[in-house]
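Since the structure of chain A is already known, use the hints to place chains B, C and D on it.
Number of protein chains: 4
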Amino acid sequence: MDESAKISAAKRLAIIRGHLNKVIDMVSDDAYCPDVIHQSQAIQAALKNVDEIILHGHLHHCVLKDIHEKGSKKEKLINEILDVFSKQT
Amino acid sequence: MDESAKISAAKRLAIIRGHLNKVIDMVSDDAYCPDVIHQSQAIQAALKNVDEIILHGHLHHCVLKDIHEKGSKKEKLINEILDVFSKQT
Amino acid sequence: MDESAKISAAKRLAIIRGHLNKVIDMVSDDAYCPDVIHQSQAIQAALKNVDEIILHGHLHHCVLKDIHEKGSKKEKLINEILDVFSKQT
Amino acid sequence: MDESAKISAAKRLAIIRGHLNKVIDMVSDDAYCPDVIHQSQAIQAALKNVDEIILHGHLHHCVLKDIHEKGSKKEKLINEILDVFSKQT
Chain A
1 MDESAKISAA KRLAIIRGHL NKVIDMVSDD AYCPDVIHQS QAIQAALKNV
51 DEIILHGHLH HCVLKDIHEK GSKKEKLINE ILDVFSKQT
Chain B
1 MDESAKISAA KRLAIIRGHL NKVIDMVSDD AYCPDVIHQS QAIQAALKNV
51 DEIILHGHLH HCVLKDIHEK GSKKEKLINE ILDVFSKQT
Chain C
1 MDESAKISAA KRLAIIRGHL NKVIDMVSDD AYCPDVIHQS QAIQAALKNV
51 DEIILHGHLH HCVLKDIHEK GSKKEKLINE ILDVFSKQT
Chain D
1 MDESAKISAA KRLAIIRGHL NKVIDMVSDD AYCPDVIHQS QAIQAALKNV
51 DEIILHGHLH HCVLKDIHEK GSKKEKLINE ILDVFSKQT
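Protein chains in written order, with the numbering used here: chain A, 1 to 89; chain B, 1 to 89; chain C, 1 to 89; chain D, 1 to 89.
Hints are computed from structural coordinates only; laboratory data are not their basis.
Careful, some of the hints might be misleading.
No distinction is drawn between identical chains; accordingly, a pair holds when it is met within one copy or between any pair of copies.
[Unchecked claim] For lysine to aspartate or glutamate, the following EDC-like pairs were computed, each having C-alpha atoms within a straight-line distance of at most 16 Å:
id, residue 1, residue 2
1, 76, 35
2, 87, 52
3, 65, 2
4, 65, 75
5, 11, 75
6, 11, 52
7, 48, 83
8, 6, 25
9, 22, 35
Quick caveat, the model's predicted, so the values are computed rather than measured.
Excised from the complex, chain A in its bound form (with noise of 0.2 Å):
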């Protein structure tokens, strides 16, 4: 991965797990549910946000590199990447 969006991804996802702490405190605390699902969507949508700075790193860095120097590896780099895309909910 490459270094800035390493640590982009490390310091959203410290803060996504200050989230999901307070999650599991409110669902200890019974607090009312609708409020419980909005955060939990709002962590989704932020480890998705991770999801698409790791994907931009890896098309950068690894694919550009590794389709010009390796050809037997381009069809495993494209199902990757494929598979990413059907897994995205």
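Frame of chain A; chains B, C and D shown alone:
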């Protein structure tokens, strides 16, 4: 929240926290990007599952009770359900 | 379905059919792939919007009425709402 | 678009148009709301499937070719893939 939904949601959220910690480690250990994204997508799917458990409890316990007892809250309850639906990614 | 939801949904679905026909033409005319996918994603978002309109009408008219009048149907109504939520992409 | 992706996408889009027409009829015939929503959600899933077919062809044919031949287009190609990913519902 009803007790069984609460226990089930809490248990799953604890597991999700473990997975999130694993993703954080993967980023810090320079794991392969598509692998990180897959773990993140699995967490998103698991959180969506928790949302369904909470919504199930909410519809059965809060909504059914409040729709009967307090006519004025109906609109709010329904808008909350729609809101949860529309924010679903 | 209540009349205003029905009219609004029908109008939007007619527009969506027009967009779908455009996507079909784009594929047959060898349009640029990302452009085709964007149009398809716009249709998916528009259909999700129709779902919300229909669900809104359903919650207001069918669910509220039936939850009051027919106790035995409650479970079915709630499971249908959960099902709609869980199939949401 | 490569020919096999084009044929497969066109065939699926024609089927989707049939399903969309059915949804339009369901609304006009006052079909039960959750049934209409399920059909709409099935169409959305089918369109997502078409997107994957088109993206597969795009990555294999356009992207691989253009990444090799035209260095200046790389950024554009990658941003298009990320854009498709981020708009995925």
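Each hint, compared with the structure:
1. For the homomeric pair residue 76 and residue 35, the shortest alpha-carbon distance between copies (13 Å) is at most 16 Å, but the shortest distance inside one copy (41 Å) is not.
2. Proximity of residue 87 to residue 52 under the C-alpha cut-off of 16 Å is found in both arrangements, the shortest distances being 13 Å within a copy and 11 Å between copies.
3. Taking the closest pair of Cα atoms, residue 65 and residue 2 come within 16 Å of each other only inside a single copy of the chain (12 Å); across copies the shortest separation is 24 Å, beyond that limit.
4. When the C-alpha separation of residue 65 and residue 75 is checked against a cutoff of 16 Å, the pair qualifies both within a copy, at 14 Å, and between copies, at 13 Å.
5. Taking CA atoms no more than 16 Å apart as the test, residue 11 paired with residue 75 passes in neither setting, with 32 Å inside one copy and 25 Å between copies.
6. Taking identical chains as interchangeable, the C-alpha atoms of residue 11 and residue 52 lie at most 16 Å apart only when both belong to the same chain, with a minimum of 14 Å there against 28 Å between chains.
7. Proximity of residue 48 and residue 83 under a CA criterion of 16 Å is satisfied in both settings, with 15 Å inside one chain copy and 13 Å between copies.
8. For a Cα distance limit of 16 Å, the shortest separation of residue 6 from residue 25 across copies, 11 Å, qualifies, whereas the shortest one inside one copy, 29 Å, does not.
9. Taking the shortest alpha-carbon separations for residue 22 and residue 35, only the intra-copy value of 11 Å comes in at or below 16 Å, while the best inter-copy value is 26 Å.
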